[in-house]
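K.L.:
We have chain A; now place chain B onto it with these hints.
Protein chains: 2
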Amino acid sequence: MKAGMIGLGAMGAPMARNLAKHDRLATVWNRTEATAIRLAEELGVERAATPSRLAEAADIALICVSADADMLEVVHSLLPGLRPGAIVIDLSTVSCATAREAARLIRSQDANFLDAPVTGGVEGAINGTLAIMVGGAADTLEKARPVLEALGRRIVHMGDTGMGQAAKAVNQVMCAGINEAVTEALGFGARLGLDMPKLIEILAGGAAGNWFLEKRGLTMIQGQFKPGFKLALHQKDLKICQTMADALNLRLKVAEMALEDYAELLKLGHGDEDISTLYRLKRPAS
Amino acid sequence: MKAGMIGLGAMGAPMARNLAKHDRLATVWNRTEATAIRLAEELGVERAATPSRLAEAADIALICVSADADMLEVVHSLLPGLRPGAIVIDLSTVSCATAREAARLIRSQDANFLDAPVTGGVEGAINGTLAIMVGGAADTLEKARPVLEALGRRIVHMGDTGMGQAAKAVNQVMCAGINEAVTEALGFGARLGLDMPKLIEILAGGAAGNWFLEKRGLTMIQGQFKPGFKLALHQKDLKICQTMADALNLRLKVAEMALEDYAELLKLGHGDEDISTLYRLKRPAS
Numbered sequence: 087m088k089a090g091m092i093g094l095g096a097m098g099a100p101m102a103r104n105l106a107k108h109d110r111l112a113t114v115w116n117r118t119e120a121t122a123i124r125l126a127e128e129l130g131v132e133r134a135a136t137p138s139r140l141a142e143a144a145d146i147a148l149i150c151v152s153a154d155a156d157m158l159e160v161v162h163s164l165l166p167g168l169r170p171g172a173i174v175i176d177l178s179t180v181s182c183a184t185a186r187e188a189a190r191l192i193r194s195q196d197a198n199f200l201d202a203p204v205t206g207g208v209e210g211a212i213n214g215t216l217a218i219m220v221g222g223a224a225d226t227l228e229k230a231r232p233v234l235e236a237l238g239r240r241i242v243h244m245g246d247t248g249m250g251q252a253a254k255a256v257n258q259v260m261c262a263g264i265n266e267a268v269t270e271a272l273g274f275g276a277r278l279g280l281d282m283p284k285l286i287e288i289l290a291g292g293a294a295g296n297w298f299l300e301k302r303g304l305t306m307i308q309g310q311f312k313p314g315f316k317l318a319l320h321q322k323d324l325k326i327c328q329t330m331a332d333a334l335n336l337r338l339k340v341a342e343m344a345l346e347d348y349a350e351l352l353k354l355g356h357g358d359e360d361i362s363t364l365y366r367l368k369r370p371a372s
Numbered sequence: 087m088k089a090g091m092i093g094l095g096a097m098g099a100p101m102a103r104n105l106a107k108h109d110r111l112a113t114v115w116n117r118t119e120a121t122a123i124r125l126a127e128e129l130g131v132e133r134a135a136t137p138s139r140l141a142e143a144a145d146i147a148l149i150c151v152s153a154d155a156d157m158l159e160v161v162h163s164l165l166p167g168l169r170p171g172a173i174v175i176d177l178s179t180v181s182c183a184t185a186r187e188a189a190r191l192i193r194s195q196d197a198n199f200l201d202a203p204v205t206g207g208v209e210g211a212i213n214g215t216l217a218i219m220v221g222g223a224a225d226t227l228e229k230a231r232p233v234l235e236a237l238g239r240r241i242v243h244m245g246d247t248g249m250g251q252a253a254k255a256v257n258q259v260m261c262a263g264i265n266e267a268v269t270e271a272l273g274f275g276a277r278l279g280l281d282m283p284k285l286i287e288i289l290a291g292g293a294a295g296n297w298f299l300e301k302r303g304l305t306m307i308q309g310q311f312k313p314g315f316k317l318a319l320h321q322k323d324l325k326i327c328q329t330m331a332d333a334l335n336l337r338l339k340v341a342e343m344a345l346e347d348y349a350e351l352l353k354l355g356h357g358d359e360d361i362s363t364l365y366r367l368k369r370p371a372s
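For the record, the sequence lines run as chains A and B. All letters in the first sequence, in the order written, are residues 87 to 372 by this note's numbering. All letters in the second sequence, in the order written, are residues 87 to 372 by this note's numbering.
Extracted from the complex, chain A is given alone in its bound form (with noise of 0.2 Å):
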């Protein structure tokens, strides 16, 4: 089972490398045409013309954009050329609506969806050690258990469609509060005069510990913000989350507080930096 890769962007280009190199992929697509010319001769791979000529040419077609609109947009445009019983996954961050939506349209062609965003950032990507969200038919995700398999570590299917999408979302606030978390206490730290590097290395032994401590925490207080994963796009899954809480006539008072920093850092034009840039706002004065 082959498939092809529509999306070769920051966290794309790394997942089609690792799906050649599991010998999974056959072709791909993205907006910006010379990068995906430069990637298919990379791995030796088609280059599809059009998403339908990529449906045509792959027997699963992996879809990983930056908002909802491009994600919807890509669907309908593959649509002709999908064969029944072949499968669209999407491992784009979206809302669950708009993987409703794209379930519908893939399912009147007699096709396969599986809303399957991911985390493990950059990083995860390149090593193929993402963790995977997935939501829709559970024997769908069996038959593209192999592909997934190239991506991924931990492949957890939970639930309907949407659902994949409902546990990205709060990945994302949690995310957020660990980012403000980690943020303002290494900025205390810094004020306090301690040694950052050590306070890092003790802090993240112990019951603070975190994934962004260790992999952000020595960038961050160097002052280099390369993404990893960007601010603009973490604003933009927040937004998604809280149409989602408010729906549910839910607060998220620490998802809201990094909402106002995150708009605070746009404006000062930060939007392209990695999201451990909120450390600007927390960061000593003096």
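Think of the hints as simulated: they come from the structure by calculation, not from any bench. Worth double-checking, as some hints may not be accurate.
Each pair may be met inside one copy or between any two copies, as identical chains are not told apart.
[Stated by the list, open to error] For lysine to aspartate or glutamate, the following EDC-like pairs were computed, each having C-alpha atoms within a straight-line distance of at most 20 Å:
1) Lys339 <-> Glu142
2) Lys284 <-> Asp225
3) Lys339 <-> Glu350
4) Lys284 <-> Glu235
5) Lys107 <-> Glu235
6) Lys312 <-> Glu359
7) Lys284 <-> Asp246
P.N.:
Coordinates of chain B only, in the frame set by chain A:
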């Protein structure tokens, strides 16, 4: 080199057991006598009648109590028995100012003081895997290291007297923020109707992964809040942090949010529960 252990509570008792296991424990003392009698018998060591007698009988006096006033009271009462060149190590969490006051008192007897607060929870104390943040003279730490190695896996010299407590303050702020992040996100997940054990499994493997989620996620969704780390103690620590931040003219927004939530939980009578009891405020009402 043998140690005496003062304070045999949730953290101190397992620490004493690990010292005994490494043949580093000579004697114990506890404010509630019955606890000391029981543990001395269990471990086959002396029970000191007073902190002063404990100081006479040990090369290193270790202190693990709950509050600043308790720690200073213990230091005052062990001074008469303290030998020149002896070492007193405070493993409690107190303010930097209290640590400096204790150091002044100990130095008046030509003895040496280290502030050495720990992190890693009750699990860390039981397994001897605590992270220990040390302030004070580096050569004193090197002398004491064989004893501390019975308690912890990472022992880091953070700087002069008080810098161990400064690092611990940063740790407590980070833990407060992570508690807010994890409980808010899991409350959101419960409202979205997600399978919670699956959700915790998948989140723990990605960019939101953290110690607190791994150790307290399942228990909190089951409504089990056995400490662990008592809410009332974390509140005490966060108040110390806030005082320290005020002195630096620094706002700790996440810690403030936690203090507001903790105040509400204390009013509801949950102060003796684990800090994950914060989930009570975040989980679905319906």
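K.L.:
Give a verdict on every hint.
P.N.:
Against the structure, the hints:
1. For the homomeric pair Lys339 and Glu142, neither the shortest alpha-carbon distance inside one copy (46 Å) nor that between copies (53 Å) is at most 20 Å.
2. In this assembly of identical chains, the alpha carbons of Lys284 and Asp225 lie at most 20 Å apart only when taken from different copies (18 Å versus 49 Å within one copy).
3. In the homo-oligomer, the alpha carbons of Lys339 and Glu350 lie at most 20 Å apart both inside one protomer (17 Å) and across protomers (15 Å), since each shortest distance falls under that limit.
4. In this homomeric assembly, Lys284 and Glu235 come within 20 Å of each other (Cα to Cα) only across copies, at 18 Å, whereas the closest approach inside a single copy is 37 Å.
5. Taking the shortest Cα distances, Lys107 and Glu235 sit within 20 Å of each other inside one copy (12 Å), while across copies they are farther apart (45 Å).
6. Proximity of Lys312 to Glu359 under the C-alpha cut-off of 20 Å is restricted to the intra-copy arrangement: shortest distance 6 Å within a copy versus 41 Å between copies.
7. In this assembly of identical chains, the alpha carbons of Lys284 and Asp246 lie at most 20 Å apart only when taken from different copies (14 Å versus 45 Å within one copy).
Comparing the model with each earlier hint shows a violation of hint 1 alone; every other hint is respected.
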